[in-house]
Amino acid sequence: SKELAEYLVESCIGSGHCSLHYMNTIALNWTKAGIKTVEEAKEQSAIHSKAYFAVMKAFGITGRNLTDAEMEYICKWTTQYGFDFELIKEACKRTITAIGKVSFKYADSILTSWKEQKIHTLKEIAVVDANFNKTKKITPTPAPTSTQKTNKFNNFHQRTYDFDQLEKVLLTTSV
371 SKELAEYLVE SCIGSGHCSL HYMNTIALNW TKAGIKTVEE AKEQSAIHSK AYFAVMKAFG
431 ITGRNLTDAE MEYICKWTTQ YGFDFELIKE ACKRTITAIG KVSFKYADSI LTSWKEQKIH
491 TLKEIAVVDA NFNKTKKITP TPAPTSTQKT NKFNNFHQRT YDFDQLEKVL LTTSV
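Under this note's numbering, the residue at position 38 of the sequence shown is numbered 408, and the numbers go up by one with no gaps.
Simulated from the structure, these hints should not be mistaken for laboratory data.
For clarity, every value in this text was computed on a predicted model and none was experimentally measured.
For every residue, glycine included, the Cβ atom is placed at its ideal position computed from N, Cα and C.
Some hints here could point you the wrong way.
Think about it this way: if two alpha-carbon atoms lie no more than 27 Å apart in a straight line, the pair counts; the simulated DSS-like pairs of lysine-lysine are [what the hints assert, rightly or not]: (1) 504 x 488; (2) 485 x 420; (3) 506 x 471; (4) 475 x 446; (5) 506 x 459; (6) 446 x 463; (7) 459 x 488; (8) 406 x 427; (9) 506 x 485; (10) 538 x 507; (11) 475 x 459; (12) 504 x 538; (13) 475 x 420; (14) 427 x 459; (15) 446 x 504; (16) 471 x 420; (17) 507 x 463; (18) 412 x 427; (19) 459 x 471; (20) 493 x 463; (21) 402 x 507; (22) 463 x 427; (23) 402 x 412; (24) 463 x 420; (25) 446 x 412; (26) 475 x 488.
Distance windows between CB atoms, simulated [as the list claims (entries may be wrong)]: (27) 394 x 502: 40 to 46 Å; (28) 398 x 469: 26 to 32 Å; (29) 386 x 506: 43 to 49 Å.
Model the full assembly from the supplied sequences, consistent with the hints where possible.
Spelled out as structure tokens, the structure:
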């Protein structure tokens, strides 16, 4: 509707996004979500805004706005997957812990895995983590195959001496 298009432009410009590509992405997301009225759009914007700032805070992003691709990830996590902010923040925290940098793709892989496992609460994550740690402790570690690694300093045939035999020869010979 005309009112919805006006609200789209006003809300995007009001949040500092003047890009037509960004506005198009928001409009497509609203269409996918079935938003047809300004009230529905305002409700979706409020949820989206909370998720936006929760992710920025969890990743420690300051001094810049999120890109369109990053925004699409957030929309996917909140609308398609239906995850709450606590679960999304946990995935962001695990991303930083695992790879030491911001990666929406890595966080998306975590959240996709949780969706496939039908995980929707932090308690369920704790249970899955506990089960994972139990299986991790049970699996035996493979025995080392070689005590000495070959490298460029060690790529020649090593000498093998029987020092006891050499000592006997030395003691029996006279000078």
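Here is how each hint holds up against the structure:
This hinted pair checks out: residue 504 and residue 488 have alpha carbons roughly 20 Å apart, not beyond 27 Å. The hinted pair formed by residue 485 and residue 420 meets the criterion: a straight-line CA distance of about 21 Å does not exceed 27 Å. Using a Cα cut-off of 27 Å, the hinted pair residue 506 and residue 471 holds, with the two alpha carbons roughly 25 Å apart. The hinted pair formed by residue 475 and residue 446 meets the criterion: a straight-line CA distance of about 12 Å does not exceed 27 Å.
The suggested pairing of residue 506 with residue 459 holds, with an alpha-carbon distance near 25 Å, which does not exceed 27 Å. Taking the CA atoms of residue 446 and residue 463, the gap is near 18 Å; set against the 27 Å cutoff, the hint holds. Only pairs whose Cα atoms come within 27 Å are accepted, and residue 459 paired with residue 488 is accepted, the gap being roughly 17 Å. In summary, the hint linking residue 406 to residue 427 is not supported, as the alpha carbons are separated by about 31 Å, beyond the 27 Å threshold.
A threshold of 27 Å between alpha carbons decides the hint, and for residue 506 with residue 485 the separation of about 22 Å falls inside it, so the pair holds. Proposed proximity of residue 538 and residue 507 is contradicted: the alpha carbons are some 50 Å apart, above 27 Å. Distance restraint check for residue 475 and residue 459: the Cα-Cα separation of roughly 14 Å lies within the 27 Å cut-off, and the hinted pair is therefore satisfied. As the CA atoms of residue 504 and residue 538 are separated by approximately 55 Å, the hinted pair breaks the 27 Å bound.
The hinted pair formed by residue 475 and residue 420 meets the criterion: a straight-line CA distance of about 20 Å does not exceed 27 Å. Note on residue 427 and residue 459: the hinted pairing holds, with a Cα-Cα distance of about 9 Å set against a maximum of 27 Å. Restraint check for residue 446 and residue 504: the C-alpha separation of about 32 Å exceeds 27 Å, so the hint is violated. Under the criterion of a C-alpha separation no larger than 27 Å, the hint pairing residue 471 with residue 420 is consistent with the structure, at around 22 Å.
Under the criterion of a C-alpha separation no larger than 27 Å, the hint pairing residue 507 with residue 463 is consistent with the structure, at around 24 Å. With a C-alpha separation of about 22 Å, the suggested pairing of residue 412 with residue 427 holds against the 27 Å cut-off. Proximity of residue 459 to residue 471 is assessed by CA-CA distance (about 14 Å); at most 27 Å being required, the pair is judged to hold. For a cut-off of 27 Å, the pair hint linking residue 493 to residue 463 stands: about 16 Å separates their Cα positions.
For the hint linking residue 402 to residue 507, the alpha-carbon distance of about 44 Å lies beyond 27 Å, and the restraint is violated. Restraint check for residue 463 and residue 427: satisfied, since their Cα atoms lie roughly 10 Å apart, inside the 27 Å limit. About 16 Å separates the Cα atoms of residue 402 and residue 412, which keeps this hinted pair within 27 Å; it holds. Among the hinted pairs, residue 463 with residue 420 is consistent with the structure: their alpha-carbon atoms are about 17 Å apart, no more than 27 Å.
Restraint check for residue 446 and residue 412: satisfied, since their Cα atoms lie roughly 18 Å apart, inside the 27 Å limit. Of the pairs offered as hints, the one joining residue 475 and residue 488 holds, with about 20 Å between alpha carbons and a cut-off of 27 Å not exceeded. Remark: the range hint 40 to 46 Å for residue 394 to residue 502 is upheld by a beta-carbon distance near 41 Å. Distance hint check for residue 398 and residue 469: the Cβ-Cβ separation is about 30 Å, which falls inside the suggested range of 26 to 32 Å.
Separated by about 45 Å at the C-beta atoms, residue 386 and residue 506 satisfy the suggested range of 43 to 49 Å.
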